[in-house]
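Sequences and hints are given; from them, build the entire structure.
Chains as they are written, first to last, in our numbering: chain X, 79 to 241; chain S, 2 to 176.
Any given hint could turn out to be false.
Pair by pair, the computed Cβ-Cβ distance ranges are [said to hold, decoys possible]:
(1) S:Glu89 to X:Val237: 41 to 49 Å
(2) S:His110 to X:Glu207: 20 to 28 Å
(3) X:Ile230 to S:Leu19: 32 to 40 Å
(4) X:Phe225 to S:Lys163: 31 to 39 Å
Quick caveat, the hints were computed from the structure, so don't treat them as lab data.
Model, not experiment: these values are computed from the prediction.
Cβ atoms here follow ideal geometry from the backbone N, Cα and C, with glycine treated the same way.
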Amino acid sequence: MITLADLLTHVFVGYTIGLILSWRYERIKSPHITAIMVGAAVPDLIRIRLLLDPIKVEQVLGLPFSWGPLHTLGGVLVIIAVGSLLTVPKDSKLIFILLVIGAISHLFLDILLITASGYSYAVLWPFLELHPPTPGFYLSTDVWPAFASGLIALFVRTVDKIR
Amino acid sequence: MLGSHRSRAIVLIILLILLLSLFIWYGSLSPDPDKGRFAGNDELVEDYERYLDEKVEVSGEVIETDPVTIEIESGDRTIELKIVDLQEEPDQGDRLSVFGTAGENKTIHVQNAMIRPFWRYGYMYGISLVGAAWVGLRLIGGWRFDKEKIAFEPRNDPMGVKETISFLIRGDHSG
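Dropping the structure here:
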């Protein structure tokens, strides 16, 4: 079963990673930090299932259907390839990498979510079918992850301003 | 190689077909407890009896507390499951996620469960919207669409969030 952390936490983490990378790499400027944040939001596209029920899509298509891949490495890579294809060619490679960094941070954090079964989701699908056991650090509905990640983001931003 | 619009369009179509195949492939996977993939709401609503004595992982709203009963959904259909051997005491309206064994008479024998009050979901969606709005504003402020190249590119002079909001309010979208 896929559980999601709140999107704000993921976006804070993407922002933090982006700022830190921008210290090391001059090419990474504000729009590129945004790209990492977008990447960090990509796996949450799976929320489309709240609008478009996969069971109903199945009935229309006449084929089995699941939005599940949007929250796995394979699906995320395809979405990101589409996204970077829509950017200007000279930037698309860099954008691809930035989006992947953001998305991996998201998928990694979500492996740590508490689930009832103790197993996480098929993060590396379709390369690996395994649902890894989750260490169960937090719930998607917990309030503290957004606060903690927000504080860290604020701290890194302050350091960034001072530099 | 990806310079021309034509080749980009072809790659785009291939990627979209690939994505659709992934959706169909994933949809065709059946539960596999050895790999940590347990029957869930969709499978049990579809055919509960098929998963008797198997490990299942479901979640739904608590509609009764004595005995604890949850309603699980799949598409437009719902079924009610009795939950037994539960340590926790959920209130009506809470969301209950349960891992356990599917028994006779639509009764789940709990091995582990999590209760989440309904308002927590409101919090999660509310705060997620804040995150989405922030990213959206940064995208508008930091990126532009080049009509000739049919592609997005970073602005040379990205706007901050406040600037972007006033830019949107002014309605000056020519940049």
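Structure-based check of each hint:
| no. | hint | result |
| --- | --- | --- |
| 1 | S:Glu89 to X:Val237: 41 to 49 Å | holds (43 Å) |
| 2 | S:His110 to X:Glu207: 20 to 28 Å | holds (27 Å) |
| 3 | X:Ile230 to S:Leu19: 32 to 40 Å | holds (36 Å) |
| 4 | X:Phe225 to S:Lys163: 31 to 39 Å | violated (23 Å) |
Hint 4 from the earlier list is the only one contradicted by this structure; the remaining hints agree with it.
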